[in-house]
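2 protein chains.
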Amino acid sequence: MTKSRSNNVVSIKKAVKADTGSAREKIIDALVALITEQGFVAATNRRVAEWAEVSQSTVQYHFSTKARMFEAVLQRCHAEFLQLVDNDALLSGRLEARANLFVVLSWRHYQSALYLATIEILMATRSQREIVTLTQLTDHQAVEQRQRIREIFPECQLDDRALAEVLTSTHVFLTGLTVETILEPKLVNIGGYLRRCTRAMVVMLKTPV
Amino acid sequence: MTKSRSNNVVSIKKAVKADTGSAREKIIDALVALITEQGFVAATNRRVAEWAEVSQSTVQYHFSTKARMFEAVLQRCHAEFLQLVDNDALLSGRLEARANLFVVLSWRHYQSALYLATIEILMATRSQREIVTLTQLTDHQAVEQRQRIREIFPECQLDDRALAEVLTSTHVFLTGLTVETILEPKLVNIGGYLRRCTRAMVVMLKTPV
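Sequence lines, in order, name chains G and Y.
So that you can map any letter, position 198 of the first sequence is 198 in UniProt numbering, and since no number is skipped, the others follow by simple counting.
So that you can map any letter, position 171 of the second sequence is 171 in UniProt numbering, and since no number is skipped, the others follow by simple counting.
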């Protein structure tokens with residue numbers, strides 16, 4: 001009987017933990033959906049709680065400040081990008097083919113509601129942001145991305161700084177293209193811009209600057 | 001006496017017209033300043049009127065809807081860009097030097113509060129926007145920009161569509177770099193990214209794709 005009770009305690013704890021985890025994820029989902037449909041303006045604690053179907057105190061429990069909630073979106077955005085480029089197809093074939101697939105997969109990520117919400121958060125909080133925290137976050141992200149890129153392009157001889165610049169250049173171009181497609185939804189020849197981006201990436205991977 | 005009165009009427013009309021013009025400009029100034037300091041969230045009609053030191057009905061008189069006010073920011077952004085590249089120094093020297101100056105001047109524009117406010121407006125209104133109006137605006141802008149670029153690079157043999165793609169690629173890269181410097185204010189080697197952008201522009205101007 002003691003054993004059974006103890007088991008129950010364990011399973012209850014487990015269930016609570018799982019629920020806690022999913023509440024946190026639901027809050028992030030709600031925040032992204034809210035920003036996508038109604039803009040950053042709409043992302044009040046009350047509405048996030050409503051959309052996530054949790055109480056406002058649950059939101060407060062998981063995210064002591066709004067800045068923490070926004071950081072969670074940035075972190076998830078980063079995690080999803082790493083997951084997207086964790087693709088065996090990126091590990092074989094010619095350099096050009098791998099670079100092309102890398103750009104195409106990245107572009108898919110940049111078109112997601114999550115990435116658009118991330119840009120909107122960055123723009124909206126640019127004067128109020130706690131810069132140090134976000135910078136630490138991006139330093140860590142930069143290291144992880146560089147490791148992944150070294151796995152994908154093992155022939156690349158660039159040092160860390162030059163490799164980081166290749167990644168940043170590619171990221172910068174795709175971010176700009178994302179903003180441009182919002183201004184100009186009829187933008188023609190997206191494929192052409194992605195090919196330019198791929199070619200530039202190949203040139204940079206081959207030639208240290 | 002009649003003459004004098006008529007003169008007065010003219011000068012009063014002129015003064016009112018000037019005031020009207022400046023109220024409109026003051027409202028746009030206020031909107032940009034408000035977005036810069038407090039974010040898009042803060043851009044209510046009431047606060048814009050306060051910051052512009054005009055009445056709310058004056059705001060309403062000049063901008064029947066918020067969308068009109070946002071379009072005015074985009075239009076001013078475009079006009080300032082054209083003014084910035086209306087620079088005699090862009091009309092002489094080697095192609096590489098002209099491209100370099102074009103990128104440097106453009107970058108100055110992209111770093112302005114006006115351009116940052118423009119990106120923030122685009123991101124914040126992406127689901128609610130009256131797309132047709134903005135697209136017409138950008139079609140018109142594209143034509144003006146292409147004319148200016150033909151004056152700067154008369155040796156360029158590209159057709160309109162290819163030339164538009166060169167401009168868009170350059171714009172896309174600089175927009176992305178702008179967003180990146182907001183995420184990463186310590187971003188090193190901005191000069192290096194601008195040189196990459198210039199080199200890509202030179203290659204595109206010389207080689208039809």
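None of these hints come from the bench; they were simulated from the model.
All values reported here derive from a predicted model rather than from experimental measurement.
For each residue, glycine too, the CB sits at the ideal point set by N, CA and C.
Fair warning: there could be bad hints in the mix.
Taking lysine to aspartate or glutamate and the EDC-like style, the derived pairs with C-alpha atoms no more than 20 Å apart in a straight line are [as the list claims (entries may be wrong)]:
hint, chain 1, residue 1, chain 2, residue 2
1, G, K186, Y, D88
2, Y, K186, G, D139
3, G, K186, Y, E53
4, Y, K66, G, D88
5, Y, K206, Y, E165
6, G, K206, G, E96
7, Y, K26, Y, E53
8, Y, K186, G, E71
9, Y, K66, Y, E96
10, Y, K186, G, E53
11, G, K186, Y, E144
12, Y, K66, Y, D86
13, Y, K66, Y, E50
14, Y, K206, Y, E184
15, Y, K26, Y, E37
16, G, K26, G, E80
17, Y, K186, G, E155
18, G, K206, G, E155
19, G, K186, Y, D160
20, Y, K26, Y, D86
21, G, K66, Y, E37
22, G, K206, G, D160
23, G, K66, G, E37
24, G, K186, G, D139
25, G, K66, G, D86
26, Y, K186, G, E165
27, Y, K206, Y, E151
28, G, K66, G, E96
29, G, K26, G, E37
30, Y, K26, Y, D88
31, G, K186, Y, E50
If you anchor each label on the Cβ, the simulated ranges turn out as follows [claimed, not checked]:
hint, chain 1, residue 1, chain 2, residue 2, range
32, G, I190, Y, V203, 26 to 36 Å
33, G, L91, Y, E96, 34 to 44 Å
34, G, S57, Y, Q60, 53 to 63 Å
35, G, R94, Y, S127, 38 to 48 Å
36, G, R46, Y, E53, 47 to 57 Å
37, Y, R195, G, Q56, 12 to 22 Å
38, G, R161, Y, E80, 28 to 38 Å
39, G, I190, Y, L187, 44 to 54 Å
Hint check results:
Of the supplied pair hints, the one linking G:K186 and Y:D88 is violated, its CA atoms being roughly 34 Å apart against a limit of 20 Å. For the suggested pair Y:K186 and G:D139, the alpha carbons sit about 11 Å apart, so the restraint of at most 20 Å is met. For the given pair, G:K186 sits about 39 Å from Y:E53 by alpha-carbon distance, which is inconsistent with the 20 Å threshold. This hinted pair does not check out: Y:K66 and G:D88 have alpha carbons roughly 48 Å apart, beyond 20 Å.
At most 20 Å may separate the alpha-carbon atoms for a hinted pair to count; Y:K206 and Y:E165 meet this at roughly 13 Å. Restraint check for G:K206 and G:E96: the C-alpha separation of about 10 Å stays at or below 20 Å, so the hint holds. For the suggested pair Y:K26 and Y:E53, the alpha carbons sit about 8 Å apart, so the restraint of at most 20 Å is met. Using a Cα cut-off of 20 Å, the hinted pair Y:K186 and G:E71 holds, with the two alpha carbons roughly 18 Å apart.
In summary, the hint linking Y:K66 to Y:E96 is not supported, as the alpha carbons are separated by about 42 Å, beyond the 20 Å threshold. A C-alpha spacing of about 39 Å is found between Y:K186 and G:E53, which places the hinted pair above 20 Å, so the restraint is violated. A C-alpha spacing of about 19 Å is found between G:K186 and Y:E144, which places the hinted pair at or below 20 Å, so the restraint holds. Only pairs whose Cα atoms come within 20 Å are accepted, and Y:K66 paired with Y:D86 is rejected, the gap being roughly 30 Å.
A hinted pair counts as satisfied when its Cα atoms are at most 20 Å apart, and Y:K66 with Y:E50 qualifies at roughly 16 Å. In summary, the hint linking Y:K206 to Y:E184 is not supported, as the alpha carbons are separated by about 33 Å, beyond the 20 Å threshold. For the hint pairing Y:K26 with Y:E37, the CA-to-CA distance comes to about 16 Å; that is within 20 Å, so the pair holds. The suggested pairing of G:K26 with G:E80 holds, with an alpha-carbon distance near 16 Å, which does not exceed 20 Å.
The straight-line distance between the Cα atoms of Y:K186 and G:E155 is roughly 29 Å, outside the 20 Å bound, and the hint therefore fails. Only pairs whose Cα atoms come within 20 Å are accepted, and G:K206 paired with G:E155 is accepted, the gap being roughly 9 Å. As the CA atoms of G:K186 and Y:D160 are separated by approximately 17 Å, the hinted pair is consistent with the 20 Å bound. Of the supplied pair hints, the one linking Y:K26 and Y:D86 is violated, its CA atoms being roughly 24 Å apart against a limit of 20 Å.
A distance of roughly 18 Å separates the Cα atoms of G:K66 and Y:E37; the hinted pair therefore holds under the 20 Å criterion. A distance of roughly 14 Å separates the Cα atoms of G:K206 and G:D160; the hinted pair therefore holds under the 20 Å criterion. Among the hinted pairs, G:K66 with G:E37 is consistent with the structure: their alpha-carbon atoms are about 19 Å apart, no more than 20 Å. Among the hinted pairs, G:K186 with G:D139 is inconsistent with the structure: their alpha-carbon atoms are about 35 Å apart, more than 20 Å.
For a cut-off of 20 Å, the pair hint linking G:K66 to G:D86 is broken: about 30 Å separates their Cα positions. Simply put, Y:K186 and G:E165 have alpha-carbon atoms about 14 Å apart, close enough for the 20 Å limit, and the pair holds. Distance restraint check for Y:K206 and Y:E151: the Cα-Cα separation of roughly 15 Å lies within the 20 Å cut-off, and the hinted pair is therefore satisfied. Pair hint G:K66 plus G:E96 does not hold up; C-alpha atoms about 42 Å apart against a cutoff of 20 Å.
Between G:K26 and G:E37 the alpha-carbon distance is near 16 Å, which keeps this suggested pair within the 20 Å criterion. Of the pairs offered as hints, the one joining Y:K26 and Y:D88 is violated, with about 30 Å between alpha carbons and a cut-off of 20 Å exceeded. About 37 Å separates the Cα atoms of G:K186 and Y:E50, which puts this hinted pair outside 20 Å; it is violated. Our hint of 26 to 36 Å for G:I190 and Y:V203 is violated, since their Cβ atoms are close to 20 Å apart.
Roughly 38 Å separates the CB atoms of G:L91 and Y:E96, a value that falls within the hinted 34 to 44 Å. Restraint check, G:S57 to Y:Q60: a C-beta distance of roughly 41 Å breaks the suggested window 53 to 63 Å. Separated by about 40 Å at the C-beta atoms, G:R94 and Y:S127 satisfy the suggested range of 38 to 48 Å. Range check, G:R46 to Y:E53: about 33 Å between beta-carbon atoms, so the 47 to 57 Å window is missed.
Judged by the Cβ atoms, the range 12 to 22 Å given for Y:R195 and G:Q56 is violated: they are separated by roughly 50 Å. Range check, G:R161 to Y:E80: about 34 Å between beta-carbon atoms, so the 28 to 38 Å window is met. Evaluation of the 44 to 54 Å hint for G:I190 and Y:L187 yields a failure: the beta carbon distance comes to about 26 Å.
In terms of the numbered hints stated before, the structure departs from hints 1, 3, 4, 9, 10, 12, 14, 17, 20, 24, 25, 28, 30, 31, 32, 34, 36, 37 and 39, listed from lowest to highest.
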